[in-house]
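Enquirer: Residues per chain, in single letters:
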Amino acid sequence: MSFDDQFKDVQRLLALKRYECPPPGHLARIARNIRATLKTEPRDRQSTWWDALLNQLDLGPAWAAALALAVAVAYFYGWTWSHRAQTRAEFAPAIPTQRWIADANPFWSTPFSSGSERAARVHDQLDRPSIYPILGMEPVRGWRPSSNTRGIVPVDYTIRSP
Amino acid sequence: MRRGVSPTDVAATLNQSAPVESEPRPAEQDDALVKRSQHGDLDAYDELVRRYRERVYSALYHMTSSREDASDLTQETFVKAFRALKSFKGDSSFFTWLYRIAINKAINFLKQRKNRHPMSLDDLDFNAEHDPDLVALISEKTPRREAALAELQARLNEAMQKLSEPHRLVVTLHDIQGLPHEEIGRIMDCNVGTVRSRLFYARQQLQAFLADYVK
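Protein chains in written order, with the numbering used here: chain A, 1 to 162; chain B, 163 to 377.
Isolated chain A, as found in the complex (with noise of 0.2 Å):
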């Protein structure tokens, strides 16, 4: 017995639904509908942003398989940038130098007034690791109290100046 004639008295029975017609006049009516709505419309309405999304990015093949080239090629650059071999000088850390912070702080940058003795100094000390005294001063414990530092900062901190 074949597939369909298992079924046949199925399919005699929904041979039935192809005489369901519907009033006459009744498709004419839908296609006058359909006309009236488009003609309602601007011509280049999309239905929907995601529609109109993808209707921009309708690419074809070639320009696809072109997009697709260059994001393979873009990553597998990326890949391989991320994992070349560095050399022994990139992997060293940079030493900080006094410069960095005269920099960064105003405050150690303009110690002395410019062409002075102490600043032509101070300006040669300013690539000397950071690890050195700052720009010649150190922190030493004991703080020199004054009337404006006086219960402010504690009192066995102080920085001395050369």
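Everything labelled a hint here was simulated from the structure, so no lab data went into it. Wrong hints could be hidden among the right ones.
Listing some non-contacts, in silico: residues in chain B with all C-beta distances to chain A over 10 Å [what the hints assert, rightly or not]:
no. : residue
1   : 194
2   : 219
3   : 324
Derived DSBU-like pairs (lysine-lysine); straight-line CA-CA distance at most 30 Å [said to hold, decoys possible]:
no. : chain 1 : residue 1 : chain 2 : residue 2
4   : B       : 273       : B       : 242
5   : A       : 39        : B       : 197
6   : B       : 197       : B       : 267
7   : B       : 197       : B       : 251
8   : B       : 251       : A       : 8
9   : B       : 267       : B       : 324
10  : B       : 267       : B       : 251
11  : B       : 248       : B       : 267
12  : B       : 251       : A       : 39
13  : B       : 273       : B       : 324
14  : B       : 248       : A       : 39
15  : B       : 248       : B       : 273
16  : B       : 267       : A       : 39
17  : B       : 242       : B       : 324
18  : A       : 39        : B       : 242
19  : B       : 242       : B       : 267
20  : B       : 248       : B       : 197
21  : B       : 242       : B       : 197
Think of the CB as a built atom: it goes at the ideal place given N, C-alpha and C, for glycine as much as any other residue.
Mind docking chain B on chain A? Use the hints.
Expert: Chain B in isolation, oriented as in the chain A frame:
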């Protein structure tokens, strides 16, 4: 009782029993009309509507068992298709593309229509009473053939509404509209095996629902 036409006329008019491949119209004509429609030619689109409105309406009607819903969905399908014509590249036939829109509309609509909806059925054509297959099925049950046909129509539609949407769809497209499995696969975006398996289970369920009428 409406006009008297032969069963072949009915089939030809509804264009439901003939497979798509036996379309008398050449595909180029559709392509030309689609191209003109893409440029905003409403007359060309009117011609496409005229060609396919019966089939689209019929598919939607068999899916919903409601004349009003089928009418609204037919309108929406053609309006949406016109708006989306720019994206139609001709990879499939216009008919297949249009059917996909219609079927998606029907499935979305049926998902939203949660509660059971009263059926509003189209009238049976005059020739249904003279279909030998149907006469054979009905005459044994009752001498009042017309009443029996109406009852059978109602039972048939109730049974169809009990099927899941994919099952109802394959029955509609294959057993009622006469589309080949391959075309249905293209419309539903699935392979022929899936179509055949859905058709098998759908018929099996229908056989159970309509046990009174099936030997």
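Enquirer: Against each hint, give a clear statement of whether it holds in the structure.
Expert: Do the hints match the structure? See the list:
A cut-off of 10 Å between C-beta atoms confirms that residue 194 of chain B is not in contact with chain A; the least separation is 19 Å. Non-interface status of residue 219 of chain B relative to chain A is broken: a Cβ of that chain comes within 10 Å, the nearest being about 6 Å off. With a least beta-carbon separation of about 14 Å from chain A, residue 324 of chain B lies farther than 10 Å from that chain, consistent with its non-interface assignment. A hinted pair counts as satisfied when its Cα atoms are at most 30 Å apart, and residue 273 of chain B with residue 242 of chain B qualifies at roughly 19 Å.
A C-alpha spacing of about 18 Å is found between residue 39 of chain A and residue 197 of chain B, which places the hinted pair at or below 30 Å, so the restraint holds. Restraint check: the Cα-Cα separation between residue 197 of chain B and residue 267 of chain B comes to about 24 Å, which is no more than 30 Å; the hinted pair holds. Between residue 197 of chain B and residue 251 of chain B the CA atoms are separated by roughly 10 Å; this keeps the pair inside 30 Å, and the hint holds. For the suggested pair residue 251 of chain B and residue 8 of chain A, the alpha carbons sit about 40 Å apart, so the restraint of at most 30 Å is broken.
Between residue 267 of chain B and residue 324 of chain B the alpha-carbon distance is near 19 Å, which keeps this suggested pair within the 30 Å criterion. Distance restraint check for residue 267 of chain B and residue 251 of chain B: the Cα-Cα separation of roughly 21 Å lies within the 30 Å cut-off, and the hinted pair is therefore satisfied. Only pairs whose Cα atoms come within 30 Å are accepted, and residue 248 of chain B paired with residue 267 of chain B is accepted, the gap being roughly 19 Å. Restraint check: the Cα-Cα separation between residue 251 of chain B and residue 39 of chain A comes to about 24 Å, which is no more than 30 Å; the hinted pair holds.
Of the supplied pair hints, the one linking residue 273 of chain B and residue 324 of chain B holds, its CA atoms being roughly 14 Å apart against a limit of 30 Å. For the proposed pair residue 248 of chain B and residue 39 of chain A, the alpha carbon gap of about 17 Å is at most 30 Å, so the pair holds. Our distance criterion of 30 Å between C-alpha atoms is met by residue 248 of chain B and residue 273 of chain B, whose separation comes to about 28 Å. Between residue 267 of chain B and residue 39 of chain A the CA atoms are separated by roughly 22 Å; this keeps the pair inside 30 Å, and the hint holds.
Taking the CA atoms of residue 242 of chain B and residue 324 of chain B, the gap is near 28 Å; set against the 30 Å cutoff, the hint holds. About 14 Å separates the Cα atoms of residue 39 of chain A and residue 242 of chain B, which keeps this hinted pair within 30 Å; it holds. For a cut-off of 30 Å, the pair hint linking residue 242 of chain B to residue 267 of chain B stands: about 10 Å separates their Cα positions. The straight-line distance between the Cα atoms of residue 248 of chain B and residue 197 of chain B is roughly 9 Å, inside the 30 Å bound, and the hint therefore holds.
At most 30 Å may separate the alpha-carbon atoms for a hinted pair to count; residue 242 of chain B and residue 197 of chain B meet this at roughly 16 Å.
Of the numbered hints stated above, those contradicted by the structure are hints 2 and 8, listed in ascending order.
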